[in-house]
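Residue numbers (numbering that gives the first Met the number 0), protein chains in the order written: chain A, 0 to 374; chain B, 0 to 374.
Worth flagging that the hints you see were computed from the coordinates, not collected in a lab.
Careful, some of the hints might be misleading.
Note that identical chains are pooled: a pair holds if it fits in a single copy or bridges any two copies.
[Stated by the list, open to error] In silico SDA-like cross-links for lysine to any residue, where the CA-CA straight-line distance does not exceed 20 Å: (1) Lys9 / Phe181; (2) Lys264 / Asp39; (3) Lys94 / Gly260; (4) Lys94 / Arg254.
Since the structure is predicted, the reported quantities are computational estimates derived from the model, not experimental observations.
2 protein chains.
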Amino acid sequence: MSITGVGLTKIGQHWDRSLRSLAVEAASRAMEDSGIEGVDAIFVGNMMSGLLNGQENLGSLLADYLGLAGIPSVKVEAACASGGAAAVQGFMAVKSGLFRRVLVVGVEKMTDMTDSEDVSAALATAADAEYEVFYGATFVSLNALIMRLYARRYGLSEEDFGYLPILMHSNASDTPHAQLRFKIDMERYLGSPMISDPLRLMDAAPVGDGAAAVVLEGSDSGVEVAGVGMATDQIALHSRGDLLRLPAVELAARRAMEMAGITQKEVDVFQIHDAFSVMGYLNMESIGLAEPGRAYILAESGEIARDGPVPVNPEGGLKARGHPVGATGIYQLAELYNQIVGRAGPSQVEGAKLGFAINVGGTGSNVAAVVLRGR
Amino acid sequence: MSITGVGLTKIGQHWDRSLRSLAVEAASRAMEDSGIEGVDAIFVGNMMSGLLNGQENLGSLLADYLGLAGIPSVKVEAACASGGAAAVQGFMAVKSGLFRRVLVVGVEKMTDMTDSEDVSAALATAADAEYEVFYGATFVSLNALIMRLYARRYGLSEEDFGYLPILMHSNASDTPHAQLRFKIDMERYLGSPMISDPLRLMDAAPVGDGAAAVVLEGSDSGVEVAGVGMATDQIALHSRGDLLRLPAVELAARRAMEMAGITQKEVDVFQIHDAFSVMGYLNMESIGLAEPGRAYILAESGEIARDGPVPVNPEGGLKARGHPVGATGIYQLAELYNQIVGRAGPSQVEGAKLGFAINVGGTGSNVAAVVLRGR
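Produce the complete structure using the sequences and hints provided.
Take a look at the structure:
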């Protein structure tokens, strides 16, 4: 199984674009990149189109607007892991023998709402509506709780959380399709407003619009999809044994790596889900890049920089490249594909051949992992 | 591939129940029916949980509340065909070899909103938000447009649309899990209020809550899933060549029947998607049960009654058994399973061995078809 083409849009606040226009751009580019004019089925990764755009039935919408009406096409939702989950559905669809070639499109149009409270409420549907959100929790505040415990248990300073966003902004500064193309320093990080104490604005991925797409087919060309894995965890934080472990990340990563027959030590370039600084750190620890509480050192030391021994999110990650929620998992695959075929531009990691992506939904409750390997 | 167990809840306005409680009831019953205590993955068919229940991430929620957190679990959305689409995903998942045994759960909790306009707005997300809903169309009014053209082109009287709901109410009257367990006559049909001229309240499926589940596994026991098929059509009515054809129903049905190696003439019992009377008629015509404009005769004559030559929706269909949107496609499979194993109770069709279900999303824009065969 291979990815034979990818397409993506610039991420940003596209007030002049619609969801369908972004999705069609990414999908058309992916098919053009793959040298094809049609596919046998479409899987759309999206989380919030009902709430934010008054539009469900994205499967029909995209098949229609791609001129492909007739083929099977559905939406897959797994909170912020919707993109990765859609990719796994596409993988199974081809593997099942029912389809030869499928398109996986991730899209999220977050700026159709003028009230930021609406976006916050939509994001909170990833958490437990009855036992978390009902009591006033937002998605940001749940991550702030985790961050507070993390800081206390491992003795991190305020600065320690800044190293990851500072590196991500640096990476994004020369990435053409990134949303936040500017560098920040520690002063700016520490000066950014608290949005849910101790979580600062600069700890959080921005609200943005974007779409990414990949063509999956049973083929010996392109980049091999060497492994996929998914996993779930308890949806609400209060049910978890330890707030500072992400068992679904551990499980999904292990499943994908076992299918690919690799270990994390062999990976040349990583995509982690840094929707919040603390989530980025927990991701790295859960996949074995650092001991618990020590991930910040990887960022501080530059070990995860583009030219470091363990490159992570060389294009700027969710934090600065951008995080159009349901599209993120597909952006990750498109970034890895571009790395492996050597066309990642300024963010290119020298000799990248084995890539790994982890896409995390909710506060770690729904996770998709993918291993891509160059041929 | 087989269905080895099914479970379903009574359909109704369950003001005292939550989405998770309904889904867990159906899923637990299906696993108990199958004699198992766990599965390898879950696929949740649901359309509107974000808008109606403030809850996405149903994959995690259900895995968690079934005590199965850890396994892959995602939500699949294809408007009113979400249930059928989830079943097809489950089919592919097992067929792919990634999973041995999966649970497919359909659920919709429509009565959490106290304002019926909210439900109407949520249902309208199946249509084109920018080119239909923006201009004031509702899901009911789009079906009313189709009904008006149907009546005019084929010369149907008002009574002619009443034959299907009258039969469906009769079928539901002794179905234990049906929502509307009462008979209606032509006088009551004609006396029911116009909700979007010429569409009457009694032409429309009711708003209700419910959940249904099936266990799918590679097995020689149980009921064989002999064929599946999906298809899309243009999402908006104004794009269609002919409003009175449902090409996605034709395509999906043909795909499922070809996979099963059968024709429609061999089918013992049908499940059609009669969300509105005219949709029921168009369904029957699209799968070849009647010539265009003549489906009403099947209902009037009793040919599609339980003891007729072509039994359709013997338990009462969407109209009277009920239509908890994302669950409907799974209810259809559970009804067929119960028919084939001979435990459909009062609605039992004598000697039913081959069943066919068609689950229609939007105004025919996203369709899933399934053929079940007894062993």
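Hint check:
With identical chains, the CA atoms of Lys9 and Phe181 are at most 20 Å apart within one copy only, with a shortest distance of 15 Å there and 56 Å across copies. Taking the shortest Cα distances, Lys264 and Asp39 never come within 20 Å of each other, neither inside one copy (36 Å) nor across copies (28 Å). Taking identical chains as interchangeable, the C-alpha atoms of Lys94 and Gly260 lie at most 20 Å apart only when both belong to the same chain, with a minimum of 18 Å there against 22 Å between chains. In this homomeric assembly, Lys94 and Arg254 come within 20 Å of each other (Cα to Cα) both inside a single copy, at 17 Å, and across copies, at 19 Å.
Hint compliance for this structure: hint 2 is the single one not met.
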